[in-house]
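So the protein lines, in turn, are chains A and B. Going by the working numbering, the first sequence opens with residue 1, and the numbers climb by one from there. Going by the working numbering, the second sequence opens with residue 1, and the numbers climb by one from there.
Since the hints were made in silico from the structure, they are not lab data. Computed from a prediction, not measured in an experiment: that's the story for all the values here. Some hints could be false.
DSBU-like, lysine-lysine: derived pairs with alpha carbons at most 30 angstroms apart [claimed, not checked]:
| hint | chain 1 | residue 1 | chain 2 | residue 2 |
| --- | --- | --- | --- | --- |
| 1 | A | K277 | B | K122 |
| 2 | B | K78 | A | K426 |
| 3 | A | K277 | B | K27 |
| 4 | A | K240 | A | K169 |
| 5 | A | K169 | B | K6 |
| 6 | A | K426 | B | K109 |
| 7 | B | K92 | A | K277 |
| 8 | A | K241 | B | K6 |
| 9 | B | K6 | A | K100 |
| 10 | A | K161 | B | K6 |
| 11 | A | K277 | B | K6 |
Computed spacing ranges between beta-carbons, pair by pair [claimed, not checked]:
| hint | chain 1 | residue 1 | chain 2 | residue 2 | range |
| --- | --- | --- | --- | --- | --- |
| 12 | B | K27 | A | S168 | 33 to 41 angstroms |
| 13 | B | L31 | A | D60 | 42 to 50 angstroms |
| 14 | B | I15 | A | W391 | 46 to 54 angstroms |
| 15 | A | I114 | B | A85 | 18 to 26 angstroms |
| 16 | B | I15 | A | E64 | 39 to 47 angstroms |
| 17 | B | G90 | A | I114 | 38 to 46 angstroms |
| 18 | A | A329 | B | A85 | 37 to 45 angstroms |
| 19 | B | L18 | A | E64 | 45 to 53 angstroms |
| 20 | B | K92 | A | H131 | 22 to 30 angstroms |
Stretch-level coverage of chain B by chain A, calculated; a stretch enters the list once three of its residues show a Cβ under 8 angstroms from a Cβ in chain A [to be verified]:
| hint | stretch |
| --- | --- |
| 21 | 7-18 |
| 22 | 68-76 |
| 23 | 90-99 |
Cβ atoms here follow ideal geometry from the backbone N, Cα and C, with glycine treated the same way.
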Amino acid sequence: MLIQQPSTISASKATLPPNNQSKAFSPSKAGTLFLVSGIISLLAGMLYGVLGSVQYLLPDFLAETIPFYKARPLHVSLVIAWIFQGAAGSIYSYAPASVKRPLFSETLARVHWILFVVTGLGIIASYTFGHFGGREYLEYPVWFAIPIILSWCLIIVNYFKTVGGSLSKYPVYIWMWGTGIIAFLVTYFEAYLWLFNSVQSNTVRDITIQWKANGAMVGAWNQMVYGTAFYLMERISGNKKASYSRITFFFYFLGLTNLLFNWGHHTYIVPSAPWIKNIAYIISMTELLILGNIIWNWRKTLTDAQRHYHVVPYRLLLASDFWIFVNLALAILISIPAVNFYTHGTHITVAHAMGATIGINTLILLASAYFLVIAIYQKSVTSKLFNVGYWLTNISLLVFWISLLGAGVVKSLQAKHPFSIDPYEKYLEQSLIWFRTFSYSGFALLIGLSILSVPLLRIFINKTQVRNN
Amino acid sequence: MSSNYKFLILLTLLITFLVYTASVYTKGTALSESNPRLDTAAIQGKVLWQKYNCSSCHQVYGLGGFIGPDLTTTISQKGDAYARAIMLSGTKRMPHYGMTEQEADAITKFLSYVDSTAVHYKR
Numbered sequence: 001m002l003i004q005q006p007s008t009i010s011a012s013k014a015t016l017p018p019n020n021q022s023k024a025f026s027p028s029k030a031g032t033l034f035l036v037s038g039i040i041s042l043l044a045g046m047l048y049g050v051l052g053s054v055q056y057l058l059p060d061f062l063a064e065t066i067p068f069y070k071a072r073p074l075h076v077s078l079v080i081a082w083i084f085q086g087a088a089g090s091i092y093s094y095a096p097a098s099v100k101r102p103l104f105s106e107t108l109a110r111v112h113w114i115l116f117v118v119t120g121l122g123i124i125a126s127y128t129f130g131h132f133g134g135r136e137y138l139e140y141p142v143w144f145a146i147p148i149i150l151s152w153c154l155i156i157v158n159y160f161k162t163v164g165g166s167l168s169k170y171p172v173y174i175w176m177w178g179t180g181i182i183a184f185l186v187t188y189f190e191a192y193l194w195l196f197n198s199v200q201s202n203t204v205r206d207i208t209i210q211w212k213a214n215g216a217m218v219g220a221w222n223q224m225v226y227g228t229a230f231y232l233m234e235r236i237s238g239n240k241k242a243s244y245s246r247i248t249f250f251f252y253f254l255g256l257t258n259l260l261f262n263w264g265h266h267t268y269i270v271p272s273a274p275w276i277k278n279i280a281y282i283i284s285m286t287e288l289l290i291l292g293n294i295i296w297n298w299r300k301t302l303t304d305a306q307r308h309y310h311v312v313p314y315r316l317l318l319a320s321d322f323w324i325f326v327n328l329a330l331a332i333l334i335s336i337p338a339v340n341f342y343t344h345g346t347h348i349t350v351a352h353a354m355g356a357t358i359g360i361n362t363l364i365l366l367a368s369a370y371f372l373v374i375a376i377y378q379k380s381v382t383s384k385l386f387n388v389g390y391w392l393t394n395i396s397l398l399v400f401w402i403s404l405l406g407a408g409v410v411k412s413l414q415a416k417h418p419f420s421i422d423p424y425e426k427y428l429e430q431s432l433i434w435f436r437t438f439s440y441s442g443f444a445l446l447i448g449l450s451i452l453s454v455p456l457l458r459i460f461i462n463k464t465q466v467r468n469n
Numbered sequence: 001m002s003s004n005y006k007f008l009i010l011l012t013l014l015i016t017f018l019v020y021t022a023s024v025y026t027k028g029t030a031l032s033e034s035n036p037r038l039d040t041a042a043i044q045g046k047v048l049w050q051k052y053n054c055s056s057c058h059q060v061y062g063l064g065g066f067i068g069p070d071l072t073t074t075i076s077q078k079g080d081a082y083a084r085a086i087m088l089s090g091t092k093r094m095p096h097y098g099m100t101e102q103e104a105d106a107i108t109k110f111l112s113y114v115d116s117t118a119v120h121y122k123r
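Construct the entire structure; sequences and hints are all you get.
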């Protein structure tokens, strides 16, 4: 779906975006700040993830200092913060150039960054000291939502003031960024409807809305991240046609439809009205079209890969395409009600979530950060160390993903009913080999992602250059 | 694809979404015999569930962590007393939070309500 553009640049020039070879690129500084704080969030989030995974093996490990009920929200929130910061940083950096207009307000963008980072530090402190009060994925005390909403309003104003009122003439990624930004705010409000008594006092409504908000929120950030991927592919290939084509807009609207309606496949076990699940199932199956499109374009992708092999952002996008393929296949499989009944509430769901956030979102956003470095400093960043980080990240993620599937399958097979609590300790024992594997591969993944992202940080912060291979 | 078509599709999607969302918020999730309204004690239990971040380790209807068991039907399977005892004393994996008996009662009440709605789990 993402890697489908024919190449027009030669291998010798392939380390630079074609449209930036002759002129300096001066993106929003706030965009760079978001990418820097985002990468730091990613590394910190991965570290907490590794600590949490060790607690599966050794329950007493750091049990007093960072117990699992603190490590998990720190891990999840920091990684989600990375995705939002990476997406915001990319949008601030690329949207003005895409519409050939300056950013409406650099000051607003920096205020957004300051608000986001200060709130984020507050949330980290809150988790560290054990102050909760929110819901799954948004566990912080409720009042932290106020600065998050305010800061997001700033990017909405800045974005739409920058691109102007005539979306119609713009390429697909301008639409994707716009709908993603708006959709996030809507889903974020929705995630707090539990504060109203009519939701709070109705278990089925509360759970259904919680799944609706969470599911659509993932769709919202996917719009922003995939929009960035489309932008990068256009710049790398130099082919602008695809971003305006009918087929691309068809898949954009299909993705938007899934964002709005397919969340219900999380609620097959919730006793809400059957039509909610039926609609979700039908919509989820339309993803088969996206999957088919990926397979259709696979051969062309491989041809392009040979041409662009030395373009760092391209290689990261290529890897993300592989992860889109396997995660989409898994998503479609677990959207089938009969399969979902046994897989829901197992590590198979976690495999789907981790594969998507790391394999797809993180690799696309790292591609964006590398693209920005190349564009600003006009330097190649390909090195032997990058190759090590690239392969370590992808291989360890594959092992990690398989180990989560393994743990999920054990749970599904081991219990006579997947939600039975009777054999839980037994399940933990039987899955020990899988937990060991995901803990070790999680550590390798942390190393791989550090190798990929620390050089970026070094360049962004010190404005030094990576020594070329 | 012309601009008019794009906006028409977008508008159709948005209107459909609004109608669909309104239906989910009302008829799709209405109170019923198997989905009774939570009383004050159960709501207090739900607030405590969030305060202690129980969902970090436990799931309810698939929402939550995986290091502890899913608690959607724990009351009908293990009983109130068992749930209260675990909450008050902790386990090898679960920290001892120092909950009061009133707090443990409130969370148990909340879990009982959840359990009563879990008809699909018990098929």
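Which hints from the list above does the structure break, by number from lowest to highest?
-> 7, 15, 16
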